[in-house]
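These protein sequences, in sequence, are chains A and W. For the first sequence, position 335 (counting from the first letter as 1) is numbered 335 according to full-length UniProt numbering, and the numbering increases by one without interruption. For the second sequence, position 91 (counting from the first letter as 1) is numbered 91 according to full-length UniProt numbering, and the numbering increases by one without interruption.
For the record, the hints were derived by calculation from the structure and aren't laboratory data. Incorrect hints may have been included.
Which residues of chain A face chain W? A few of them, derived with a C-beta cut under 8 Å, are [claimed, not checked]:
1) R385
2) D390
3) D413
4) S657
5) L659
6) P660
7) A662
8) D664
9) V696
10) K698
Ranges of calculated distance between the beta carbons of each label pair, as one might list FRET restraints [as the list claims (entries may be wrong)]:
11) W:R306 / A:K442: 37 to 43 Å
12) W:R46 / A:G718: 58 to 64 Å
13) A:E364 / W:T262: 31 to 37 Å
14) A:K496 / W:Q220: 43 to 49 Å
15) W:R164 / A:R691: 35 to 41 Å
Predicted model only: the values in this text are computed from it and were never measured. Ideal Cβ positions, reconstructed from N, Cα and C, are used throughout, including at glycine.
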Amino acid sequence: MHRVKKVEYEDDDLYSGEEEEADAEYTAEDRDNFATLTPVVRAELEEARLHASDREIEEALWHYYWDVSKSVAYLKNTRTPRPAQRTEKKEQPKSKFDQAVQKSAEKADWFRGIPWSDLPPAQLGLIVPCEPVTHRPMMLGGSSKLAKLAEERRKKAAAAQSAQATPDKALASLERLGRPREANENEAPLSRPDTKKYPLRKRKESSPPPREPSPTPQTPPAEVQPSLRTSPTAFGRVLSTNPAAVRINNAAALDEMLDPFADPSPDDAVLRITKAKNTSNELANKTKDLSLEQHAPSQANVKSKGLDVLKIWTEEKPKRKPSAAFVVIGHVDHGKSTLMGRLLLDTGAVSQRDIDRYKKQATELGKASFALAWVMDTGSEERERGVTVDIAQFHFSTDHVDFTILDAPGHRDFIPNMIAGASMADLAVLVIDANHLESGIKGQTGEHIVLAKACGVSRIVVAVNKLDATNPPWSEAVLQDVVASITPLLTASGYKPENVRFVPCSGLNGQNVVKAMSKKGDASWVAEGYRTLLEELESCVAPHDTEEMVRAPLRMQIADVFRGSVTNPLSIAGRITSGHVQTGDTVLLQPSNERAMVRGIEVGGNGQEWAVAGQICTLHLTEVDQQHLRAGDCVCDAKNPTPAAKNFVVQLTALDSILPQAVDVHVGRLHAAGSITALISTIDDAGEVERKKPRVVKAGQKATARLVLDAGAALEAGTRLIIRANGSTIAVGEIIRAGG
Amino acid sequence: MRLIKQNIERKDGSGSATLLPEEPEDMWHAYNLIRENDLLRASAVRKIITESGAGSRSVDRVHTTLTIRVTKTDFDPQAGQLHVSGRVAEENKHVKLGGFHTLDLELHRNFTLEKADGWDSVALDTLKEAVNQDAKAELWAVIMQEGLANICLITEHQTILRQRIEVSLPKKRAGSTDHEKQLQKFFQTTFESLQRLIDLVDPKPLLLASPGFTASSFQQYIKAQAASGGDKRIQRLLHKIVVVHSASAHLHSLGEVLSSTTVTKQLSDTKFARETQLMERFFELMRNDDARAWYGPRECEAAVERGAVGKGGGVLLISNALFRSQEIKTRRRWVRLVDEVKDQGGEVRILSSMHESGKRLEGLGGIAAILTFPIEDLDGGDEGGDENGGEFIHNGDDAGPLHGIEGRTEHVDIDI
Chain A
1 MHRVKKVEYE DDDLYSGEEE EADAEYTAED RDNFATLTPV VRAELEEARL
51 HASDREIEEA LWHYYWDVSK SVAYLKNTRT PRPAQRTEKK EQPKSKFDQA
101 VQKSAEKADW FRGIPWSDLP PAQLGLIVPC EPVTHRPMML GGSSKLAKLA
151 EERRKKAAAA QSAQATPDKA LASLERLGRP REANENEAPL SRPDTKKYPL
201 RKRKESSPPP REPSPTPQTP PAEVQPSLRT SPTAFGRVLS TNPAAVRINN
251 AAALDEMLDP FADPSPDDAV LRITKAKNTS NELANKTKDL SLEQHAPSQA
301 NVKSKGLDVL KIWTEEKPKR KPSAAFVVIG HVDHGKSTLM GRLLLDTGAV
351 SQRDIDRYKK QATELGKASF ALAWVMDTGS EERERGVTVD IAQFHFSTDH
401 VDFTILDAPG HRDFIPNMIA GASMADLAVL VIDANHLESG IKGQTGEHIV
451 LAKACGVSRI VVAVNKLDAT NPPWSEAVLQ DVVASITPLL TASGYKPENV
501 RFVPCSGLNG QNVVKAMSKK GDASWVAEGY RTLLEELESC VAPHDTEEMV
551 RAPLRMQIAD VFRGSVTNPL SIAGRITSGH VQTGDTVLLQ PSNERAMVRG
601 IEVGGNGQEW AVAGQICTLH LTEVDQQHLR AGDCVCDAKN PTPAAKNFVV
651 QLTALDSILP QAVDVHVGRL HAAGSITALI STIDDAGEVE RKKPRVVKAG
701 QKATARLVLD AGAALEAGTR LIIRANGSTI AVGEIIRAGG
Chain W
1 MRLIKQNIER KDGSGSATLL PEEPEDMWHA YNLIRENDLL RASAVRKIIT
51 ESGAGSRSVD RVHTTLTIRV TKTDFDPQAG QLHVSGRVAE ENKHVKLGGF
101 HTLDLELHRN FTLEKADGWD SVALDTLKEA VNQDAKAELW AVIMQEGLAN
151 ICLITEHQTI LRQRIEVSLP KKRAGSTDHE KQLQKFFQTT FESLQRLIDL
201 VDPKPLLLAS PGFTASSFQQ YIKAQAASGG DKRIQRLLHK IVVVHSASAH
251 LHSLGEVLSS TTVTKQLSDT KFARETQLME RFFELMRNDD ARAWYGPREC
301 EAAVERGAVG KGGGVLLISN ALFRSQEIKT RRRWVRLVDE VKDQGGEVRI
351 LSSMHESGKR LEGLGGIAAI LTFPIEDLDG GDEGGDENGG EFIHNGDDAG
401 PLHGIEGRTE HVDIDI
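Construct the complete structure from the given sequences, taking the supplied hints into account.
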């Protein structure tokens with residue numbers, strides 16, 4: 001349980017040498033950065049008709065950890081609002097605050113060398129030292145925890161940035177709140193910052209192949225320059241426009257000044273303007289995320305930009321790279337996770353280095369063959385036992401498609417998790433161990449097929465795995481045998497033959513997964529007759545979002561509630577079933593009937609302005625308490641919510657006999673206790689009532705029944721559900737009527 | 001419960017019984033015994049307000065023994081308390097006739113019960129069961145899955161949910177240890193609740209049930225706690241832990257848990273084992289759509305009328321919730337049915353509605369029967385509807401209460 005894992009490996013990395021360098025002189029690396037970044041900052045400043053000395057710029061850069069945008073904003077900021085503050089000082093009696101200000105000002109040689117000559121004449125010479133003092137503690141990461149935190153972030157970002165290309169592209173929209181992206185696990189080791197305090201944002205994602213540029217929202221026309229000057233702080237604004245008001249608003253203004261994070265920072269203004277230039281650049285995303293982090297979690301709300309998501313979505317549709325989520329199903333130990341690990345390794349989404357590391361760790365546990373599965377099985381329990389417990393999500397891209405893997409557990413005890421995965425998928429990959437066909441069909445292979453279909457997955461790729469271990473290896477007869485025994489199961493569950501593909505492969509060795517097999521030798525029939533798993537997956541992708549779906553009111557089932565990061569303490573993940581959502585939207589959470597605001601959206605690890613039906617996304621929420629959120633709850637349109645209900649009339653197809661009894665009801669991630677209280681009627685194939693009030697519904701029959709849940713759930717008519725009892729699926733069906 | 005004295009007439013069931021409840025479970029028996037209109041005599045604390053001639057009021061709390069005619073019973077399974085409301089039936093110096101009083105039955109205090117319409121066979125059976133002094137099996141069960149734990153006390157007659165712990169656990173995410181941290185926290189919460197609930201000095205067997213590995217992980221957690229903490233009592237508890245499989249953490253999965261062999265061994269409760277066995281048999285027959293299994297009030301009555309629940313394997317399973325009906329008529333109806341089956345030589349099992357198999361039975365309308373011969377279309381007559389649960393309107397009611405009394409004599413053999 002307390003095993004040393006990958007995570008710890010990172011922790012070492014993160015904790016090494018913290019705080020030691022806080023006071024060190026500039027290193028050579030720093031100087032390099034200065035050399036590259038100073039001209040950029042200067043150029044930016046000149047654009048705004050401001051001057052700053054080298055030293056000043058360097059200092060700003062250093063304190064902001066190479067964040068150009070912030071440094072620029074800061075430098076600009078130090079100039080503009082100053083005069084008004086002077087007036088304030090004159091009028092103020094010498095308060096404690098002022099004394100403190102003076103004290104620290106004595107220590108600070110902050111303004112040495114600043115040329116003040118370029119200020120408008122009316123403002124000349126009105127320099128007040130209190131501004132830097134109020135900013136300084138936060139910026140320098142002095143004593144306050146928040147400041148330290150911010151400092152850490154900056155360092156981290158700086159590291160990422162220094163490894164990236166031109167810093168002048170580093171400016172991006174601030175409104176796009178998003179969870180900061182962690183440096184990718186499989187990217188070349190970046191010049192990491194030496195000092196890291198908190199192991200924040202340890203989440204790793206794969207994205208090495210070039211991703212589709214994040215959809216560019218319609219950008220508002222770039223604002224004109226002057227707005228820059230007015231935007232700095234509310235304090236500055238108030239003072240400069242109405243000096244008389246200062247006295248009245250003094251206390252409030254002071255508060256605001258002391259908390260520079262309470263208002264949109266001047267950065268926002270700069271970023272908003274520059275955003276238009278480069279929205280879709282990765283670096284930009286990073287800096288954007290960074291500037292976001294500056295906001296404390298208590299930060300004021302994000303304003304909705306009122307985007308016409310439907311229109312943008314329609315416009316962008318032709319350009320967009322298709323995306324698909326597939327769930328990997330099959331009996332336990334048939335090699336689902338290993339096959340997926342192989343797929344990721346061979347597409348380059350996971351580096352060989354990581355696999356080697358897993359291999360080493362796995363060998364220590366005596367499970368060397370599980371190394372590939374460890375890409376998916378990240379839990380310590382999963383690794384110890386060599387069994388997938390919960391759905392693992394992983395993104396990867398090929399040249400044509402963005403894929404999301406949902407690796408489902410095969411063990412029968414974790415079928416609730418498998419249902420959760422299948423309900424988020426567009427297609428399914430059924431993994432079958434060619435050597436253990438029988439055990440699979442008796443076990444979960446059969447059940448998974450039925451469940452995947454019941455969750456609405458209509459296309460399936462059957463990966464016949466472990467063909468390298470058959471006797472003789474790569475025997476075509478074995479494959480044909482599998483095809484012959486699986487096809488009837490698939491057709492019985494309602495899969496159309498054109499939606500079913502078979503792929504022979506070996507996950508452990510990677511044959512015919514991404515790389516095609518050679519056309520020589522025993523296995524030549526594979527290369528001749530079958531495509532690789534990846535090709536087959538790509539060919540199966542079909543658009544999963546239609547206009548009606550996007551137009552419909554928002555519905556999303558929460559698959560996970562977690563702490564995204566320090567700045568996003570409450571995040572939820574799930575697939576949007578219908579409708580669309582954008583940052584700043586207020587959504588309603590059911591059945592708790594609580595409102596929440598969407599602070600940020602992430603799709604595939606990238607921050608977005610909006611998301612539409614069919615996408616698996618992460619929403620960062622604010623203005624709601626975590627206790628109102630449970631996996632399985634529904635996020636819905638605040639104006640058009642799903643009411644929570646306890647009583648339902650359902651139409652079922654029985655897989656086992658159904659009596660009025662207590663059952664487990666599964667709808668995606670929702671796992672609720674309930675009971676079938678009455679059997680209303682059995683139905684024949686034509687949909688006609690066969691018999692009213694049957695005493696029992698036998699396997700294979702269709703029936704309508706009354707279902708009562710122990711606790712209310714937000715389920716609508718038409719929702720697919722799965723009914724289980726005593727650990728086996730007894731019926732699948734859908735809701736006909738909710739409530740009443 | 002101890003029977004202090006009884007003077008129940010064999011012939012008509014009149015008379016009273018004085019009982020001494022000794023443990024919380026006895027309150028459950030009392031709850032099943034005491035009906036509306038019965039006469040209950042127990043000690044009570046009554047607030048007496050006296051007004052003097054000068055108009056000053058003084059309030060006294062008086063310990064007295066009251067006899068009330070029951071109007072309502074209220075059972076709190078969690079606390080094991082029974083409140084019986086009624087009107088005073090015997091005047092004494094403190095209370096006037098007809099005044100209202102709610103008696104809180106207390107452990108180790110006698111109460112005397114006299115049945116309004118005599119002790120019927122079912123009441124006598126309940127009484128017999130209540131005063132059975134055999135060692136009572138008792139165990140704790142934690143039925144759990146990640147993020148949800150139900151801590152229950154399982155006794156011979158009841159399954160009492162004592163604590164429900166629900167935590168929103170983040171799911172596993174690559175590169176995050178949140179899931180594991182929260183899981184440990186969840187274990188901690190569960191274990192702390194458990195420690196508060198169970199008697200560590202003399203621990204009862206503790207059952208941990210879950211799908212997957214959660215239960216065994218929790219066992220590991222307790223072991224780690226026992227090893228690190230200095231509490232010897234927890235180490236003693238360790239030996240009492242049994243880990244079993246369940247399909248989910250929901251309470252209805254307890255059925256599966258309790259029927260597993262590990263548990264039946266622990267419970268060594270033949271009554272319960274037999275009930276579970278019969279329920280399984282019934283469900284098995286239902287699954288095969290065998291016409292020898294029927295459920296629902298009307299169907300079962302029809303089957304009994306035709307003499308199908310008799311000698312040679314006929315079994316009537318009935319929940320004791322049905323006998324707690326407010327309606328005397330309905331109650332009699334079930335008593336009569338039970339008596340009839342006994343007359344016919346069939347087996348009658350009265351299942352506790354608080355127990356697992358009883359709850360399953362409740363889903364089926366509280367009554368089910370395994371017939372000696374198949375009868376098709378027992379429900380055929382009402383194909384046309386009567387949706388609104390007319391099952392309690394029984395046309396045979398006016399067959400007279402006499403019918404039920406015949407079968408009674410053989411059951412009045414309580415000798416304690």
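Evaluation of the provided hints:
1. R385: holds, 7 Å
2. D390: holds, 5 Å
3. D413: holds, 4 Å
4. S657: holds, 4 Å
5. L659: Since chain W brings a Cβ to about 6 Å from A:L659, closer than 8 Å, the hint holds.
6. P660: holds, 5 Å
7. A662: holds, 4 Å
8. D664: Given a least distance of 5 Å, the restraint on A:D664 holds.
9. V696: A:V696 check passes; min Cβ-Cβ to chain W is 5 Å, inside 8 Å.
10. K698: holds, 6 Å
11. W:R306 / A:K442: 37 to 43 Å: Roughly 42 Å apart at Cβ, these two residues keep to the hinted range, so it holds.
12. W:R46 / A:G718: 58 to 64 Å: holds, 60 Å
13. A:E364 / W:T262: 31 to 37 Å: holds, 34 Å
14. A:K496 / W:Q220: 43 to 49 Å: At 47 Å between Cβs, range holds.
15. W:R164 / A:R691: 35 to 41 Å: Holds: the Cβ-Cβ distance is about 39 Å, inside 35 to 41 Å.
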